[in-house]
Amino acid sequence: MKKINKWISMEEALEGIQSQQSIMVGGFGVPGTPFTLLQALAEKKLNQLTLIKNEANEAGMGISNLIEAKMVTKLITSHLGLNSTVIKMMNNNEILVDFFPQGILAEKIRAGGAGLAGILTDIGIDTILSRDKEIIMVDGKKAMVEKALRADVALVHAAKADRAGNLVYTKSARNFNPIMAMAADIVIAEAEEIVETGEIDPDQVHTPAAFVDRLVAINEITREYEVLESHVIQK
Amino acid sequence: MKKINKWISMEEALEGIQSQQSIMVGGFGVPGTPFTLLQALAEKKLNQLTLIKNEANEAGMGISNLIEAKMVTKLITSHLGLNSTVIKMMNNNEILVDFFPQGILAEKIRAGGAGLAGILTDIGIDTILSRDKEIIMVDGKKAMVEKALRADVALVHAAKADRAGNLVYTKSARNFNPIMAMAADIVIAEAEEIVETGEIDPDQVHTPAAFVDRLVAINEITREYEVLESHVIQK
Amino acid sequence: MSYKNKIAKRAAEEILPGQVINLGIGLPTLAMEYLPENMPVMIHSENGILGMGKPCENGREDRNLIDAGGSYPEVVTGASFFDSALSFSIVRGGRLDTAFLGTLEVAENGDLANWIIPGKFSPGIGGGMELAQKAKRLIITTTHTTRKGEAKILKRCTLPLTAKECVDRIITELAVVDVTEAGLELKELAEETTLDEVIQKTGAPLIVPHDREASFPRF
Amino acid sequence: MSYKNKIAKRAAEEILPGQVINLGIGLPTLAMEYLPENMPVMIHSENGILGMGKPCENGREDRNLIDAGGSYPEVVTGASFFDSALSFSIVRGGRLDTAFLGTLEVAENGDLANWIIPGKFSPGIGGGMELAQKAKRLIITTTHTTRKGEAKILKRCTLPLTAKECVDRIITELAVVDVTEAGLELKELAEETTLDEVIQKTGAPLIVPHDREASFPRF
Numbered sequence: 001m002k003k004i005n006k007w008i009s010m011e012e013a014l015e016g017i018q019s020q021q022s023i024m025v026g027g028f029g030v031p032g033t034p035f036t037l038l039q040a041l042a043e044k045k046l047n048q049l050t051l052i053k054n055e056a057n058e059a060g061m062g063i064s065n066l067i068e069a070k071m072v073t074k075l076i077t078s079h080l081g082l083n084s085t086v087i088k089m090m091n092n093n094e095i096l097v098d099f100f101p102q103g104i105l106a107e108k109i110r111a112g113g114a115g116l117a118g119i120l121t122d123i124g125i126d127t128i129l130s131r132d133k134e135i136i137m138v139d140g141k142k143a144m145v146e147k148a149l150r151a152d153v154a155l156v157h158a159a160k161a162d163r164a165g166n167l168v169y170t171k172s173a174r175n176f177n178p179i180m181a182m183a184a185d186i187v188i189a190e191a192e193e194i195v196e197t198g199e200i201d202p203d204q205v206h207t208p209a210a211f212v213d214r215l216v217a218i219n220e221i222t223r224e225y226e227v228l229e230s231h232v233i234q235k
Numbered sequence: 001m002k003k004i005n006k007w008i009s010m011e012e013a014l015e016g017i018q019s020q021q022s023i024m025v026g027g028f029g030v031p032g033t034p035f036t037l038l039q040a041l042a043e044k045k046l047n048q049l050t051l052i053k054n055e056a057n058e059a060g061m062g063i064s065n066l067i068e069a070k071m072v073t074k075l076i077t078s079h080l081g082l083n084s085t086v087i088k089m090m091n092n093n094e095i096l097v098d099f100f101p102q103g104i105l106a107e108k109i110r111a112g113g114a115g116l117a118g119i120l121t122d123i124g125i126d127t128i129l130s131r132d133k134e135i136i137m138v139d140g141k142k143a144m145v146e147k148a149l150r151a152d153v154a155l156v157h158a159a160k161a162d163r164a165g166n167l168v169y170t171k172s173a174r175n176f177n178p179i180m181a182m183a184a185d186i187v188i189a190e191a192e193e194i195v196e197t198g199e200i201d202p203d204q205v206h207t208p209a210a211f212v213d214r215l216v217a218i219n220e221i222t223r224e225y226e227v228l229e230s231h232v233i234q235k
Numbered sequence: 001m002s003y004k005n006k007i008a009k010r011a012a013e014e015i016l017p018g019q020v021i022n023l024g025i026g027l028p029t030l031a032m033e034y035l036p037e038n039m040p041v042m043i044h045s046e047n048g049i050l051g052m053g054k055p056c057e058n059g060r061e062d063r064n065l066i067d068a069g070g071s072y073p074e075v076v077t078g079a080s081f082f083d084s085a086l087s088f089s090i091v092r093g094g095r096l097d098t099a100f101l102g103t104l105e106v107a108e109n110g111d112l113a114n115w116i117i118p119g120k121f122s123p124g125i126g127g128g129m130e131l132a133q134k135a136k137r138l139i140i141t142t143t144h145t146t147r148k149g150e151a152k153i154l155k156r157c158t159l160p161l162t163a164k165e166c167v168d169r170i171i172t173e174l175a176v177v178d179v180t181e182a183g184l185e186l187k188e189l190a191e192e193t194t195l196d197e198v199i200q201k202t203g204a205p206l207i208v209p210h211d212r213e214a215s216f217p218r219f
Numbered sequence: 001m002s003y004k005n006k007i008a009k010r011a012a013e014e015i016l017p018g019q020v021i022n023l024g025i026g027l028p029t030l031a032m033e034y035l036p037e038n039m040p041v042m043i044h045s046e047n048g049i050l051g052m053g054k055p056c057e058n059g060r061e062d063r064n065l066i067d068a069g070g071s072y073p074e075v076v077t078g079a080s081f082f083d084s085a086l087s088f089s090i091v092r093g094g095r096l097d098t099a100f101l102g103t104l105e106v107a108e109n110g111d112l113a114n115w116i117i118p119g120k121f122s123p124g125i126g127g128g129m130e131l132a133q134k135a136k137r138l139i140i141t142t143t144h145t146t147r148k149g150e151a152k153i154l155k156r157c158t159l160p161l162t163a164k165e166c167v168d169r170i171i172t173e174l175a176v177v178d179v180t181e182a183g184l185e186l187k188e189l190a191e192e193t194t195l196d197e198v199i200q201k202t203g204a205p206l207i208v209p210h211d212r213e214a215s216f217p218r219f
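Residue numbers (our numbering), protein chains in the order written: chain A, 1 to 235; chain B, 1 to 235; chain C, 1 to 219; chain D, 1 to 219.
It is worth saying that the hints were derived from the structure and are not from the lab. Where hints are given, some of them may not hold.
[To be verified] Derived DSS-like pairs (lysine-lysine); straight-line CA-CA distance at most 30 Å:
1. K148(C) <-> K201(C)
2. K70(B) <-> K45(B)
3. K142(B) <-> K164(C)
4. K74(A) <-> K9(D)
5. K3(B) <-> K9(D)
6. K54(C) <-> K3(A)
7. K2(B) <-> K133(A)
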């Protein structure tokens with residue numbers, strides 16, 4: 001019998017991804033951003049996408065390329081501090097941006113992945129964030145209803161994968177990747193290294209194969225993945 | 001400067017644990033149950049404890065010893081299928097038992113650890129479980145409010161720990177341990193092996209040191225930790 | 001072949017290559033025996049395993065590795081271990097292709113009741129409610145009747161439900177029955193039984209799509 | 001010493017051995033320089049690090065390892081990496097001893113406003129709201145006034161809040177001020193300033209517990 005093998009070509013991996021879909025994208029800054037998948041996605045010339053990502057990368061990088069190319073109608077995110085280009089587009093109403101507290105964004109995504117309807121939290125309860133939120137009382141304290149968040153597609157970046165789809169992340173490149181890998185109908189992972197199934201210690205798998213639908217190899221660690229010289233502190 | 005060292009004696013580890021407290025206990029069956037901590041706890045002759053554990057171990061083992069010794073007023077659990085002694089005590093009103101679906105019990109504990117007020121779920125929505133629950137509508141569908149669960153103390157079992165309190169679990173002995181280690185005011189871990197800080201790969205830590213308050217070494221893998229002959233299928 | 005083995009053997013045929021499967025409590029050991037050697041399937045166990053294998057060879061049991069029923073399994077190449085929250089995220093998050101569960105009662109609309117007999121039997125809930133409600137396909141493996149000979153397949157469940165309208169297929173030692181929009185449809189007959197016996201032992205109307213008993217696929 | 005360095009140096013004194021600390025964006029690099037060598041402290045970074053160290057030596061940057069502000073840190077012995085959900089569980093779950101945040105405004109009741117100037121500035125929320133609301137101790141590190149010389153420490157915040165009544169201590173280049181039940185209490189004065197200057201540049205009444213300016217601890 002054949003072994004499970006999810007490693008396919010980039011063309012197969014992106015098959016069926018359409019305009020108007022919602023797409024989660026892993027990464028916090030450069031580490032963990034699936035630049036290779038995003039580059040291939042950018043070439044598909046889709047539009048009216050909803051993207052979900054911690055931030056918008058920086059101008060000219062990662063999802064910022066898709067946003068700058070007007071492929072994105074809405075961005076669900078936590079912070080755009082390092083991307084003045086997207087901030088300008090937001091201020092000019094060229095893109096709709098929904099902000100959430102970073103950990104609440106993570107919990108909404110995780111709740112989607114965990115098949116929950118939502119979470120209850122007091123984060124932002126005394127702020128303008130609570131304005132449009134349903135508030136209920138839990139043990140005498142106010143809590144906001146934050147709905148679970150799922151997407152049609154998730155794009156994640158792993159340091160290592162096996163052919164069955166088990167993923168391992170490294171260092172701060174883990175971030176949103178494991179929770180997004182739980183929370184989409186089609187989960188596509190790019191990996192820097194793809195090994196034979198069985199080579200990853202079962203105790204050290206970060207994302208079990210059950211969550212991963214499609215797997216591509218990164219042929220080259222391109223410039224985008226490398227250290228950003230502008231963030232290096234010269235001493 | 002001194003390094004962080006949470007490895008202490010059993011006496012120090014259990015200091016301050018009192019009657020009437022709530023105690024989470026890791027483990028699913030034998031694997032991951034902190035038998036050494038439970039044995040020491042049983043010797044403290046406390047009473048009116050509330051225990052939170054996936055199941056009640058089996059008669060004469062683990063938390064069943066505490067329950068049989070009438071130290072426990074209430075048990076929050078998922079299933080007692082393998083412990084007819086505790087089922088009898090439940091039926092005789094010698095102990096109050098709150099049952100939750102296993103994964104919802106896990107999510108309630110995790111929510112406690114994650115500082116959420118609770119979760120929203122449709123599990124059990126069409127059953128008698130929903131009777132006493134607050135129901136709200138989320139996107140047109142009914143969802144039950146399940147409150148976050150925290151405890152005064154958590155007792156967890158790790159395969160390996162470093163002196164700083166980073167924990168690693170093994171195989172099916174992970175189960176409820178990582179989420180309980182997040183969800184108590186005092187988290188006490190027993191470990192089969194305690195190594196110098198730095199010997200665990202930062203990518204392979206299952207429970208970061210921030211969650212662990214006290215650490216004890218298991219001096220001996222006693223009989224309770226071993227394979228249960230009654231569960232071995234003779235072929 | 002015992003009725004348990006018969007059910008397990010037929011249940012094993014429901015498992016397709018590449019799927020994520022939960023075999024419930026009790027069935028795993030038996031069903032695993034009937035899976036083709038090296039079948040590329042990922043068996044999920046509630047206590048935090050994906051890629052469970054056959055029961056251990058005697059003497060090779062690992063004290064740190066049990067299945068959700070307490071037995072000692074092997075794991076397959078490509079297995080992974082995780083905590084209980086992630087384990088049920090696989091179930092509730094829509095990543096479980098098929099779950100198998102036993103039952104006390106099952107109704108013609110797919111309602112399932114398998115966890116409590118009020119006042120008599122209630123060992124708890126375990127993972128069954130989540131498996132029943134969230135597996136993409138739910139197959140009930142059960143004896144056709146109780147030990148007393150009472151029907152377990154009913155027009156309506158009399159016991160408190162585990163989940164509503166969740167069952168897709170019922171496999172017993174006598175028959176394979178599907179839950180359809182139109183009602184319960186008889187799909188296969190066991191070699192040892194007759195159409196009349198199955199109809200008589202089933203507590204709800206059966207849609208019988210074949211003219212003659214001989215036309216039924218047998219198992 | 002620049003005002004930034006002065007604030008970072010004073011902030012570093014707030015960190016006690018064994019604590020779990022979040023240094024916010026911008027401050028980490030500077031404050032780390034003032035921590036005693038081998039201080040046993042666990043620095044948390046929102047993007048999934050516990051045990052962040054000093055900034056990397058030039059040329060030793062790791063493309064997979066940044067802090068929440070985008071800089072390239074080292075990690076200390078005993079560090080761990082985790083996902084964003086677990087990272088904020090440390091914060092909201094009560095495991096963060098002290099957080100440091102910058103601000104736009106801070107009020108005498110401890111209200112904090114540091115994330116939005118409606119119509120002008122709103123790069124998002126990031127992790128600040130959770131740090132402000134859930135750290136066991138919240139210390140604000142900020143210039144005493146805006147670039148235009150307007151007070152940042154006010155009777156009430158005029159901007160939308162980040163969190164209510166969350167601030168414990170304010171450290172500026174001029175003073176250390178505590179938020180108390182009775183109001184803002186002046187604790188220390190910078191060497192370069194006078195009591196009058198601090199009172200004049202503070203937009204809320206200060207409780208001044210010392211008779212003479214000379215009695216104040218200086219930093």
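These are the hints, each one checked on the structure:
Restraint check for K148(C) and K201(C): the C-alpha separation of about 12 Å stays at or below 30 Å, so the hint holds. Only pairs whose Cα atoms come within 30 Å are accepted, and K70(B) paired with K45(B) is accepted, the gap being roughly 9 Å. Pair hint K142(B) plus K164(C) holds up; C-alpha atoms about 14 Å apart against a cutoff of 30 Å. About 42 Å separates the Cα atoms of K74(A) and K9(D), which puts this hinted pair outside 30 Å; it is violated.
The suggested pairing of K3(B) with K9(D) holds, with an alpha-carbon distance near 22 Å, which does not exceed 30 Å. As the CA atoms of K54(C) and K3(A) are separated by approximately 17 Å, the hinted pair is consistent with the 30 Å bound. Restraint check: the Cα-Cα separation between K2(B) and K133(A) comes to about 48 Å, which exceeds 30 Å; the hinted pair is violated.
Of the hints listed earlier, those the structure fails to meet are numbers 4, 7, in rising order.
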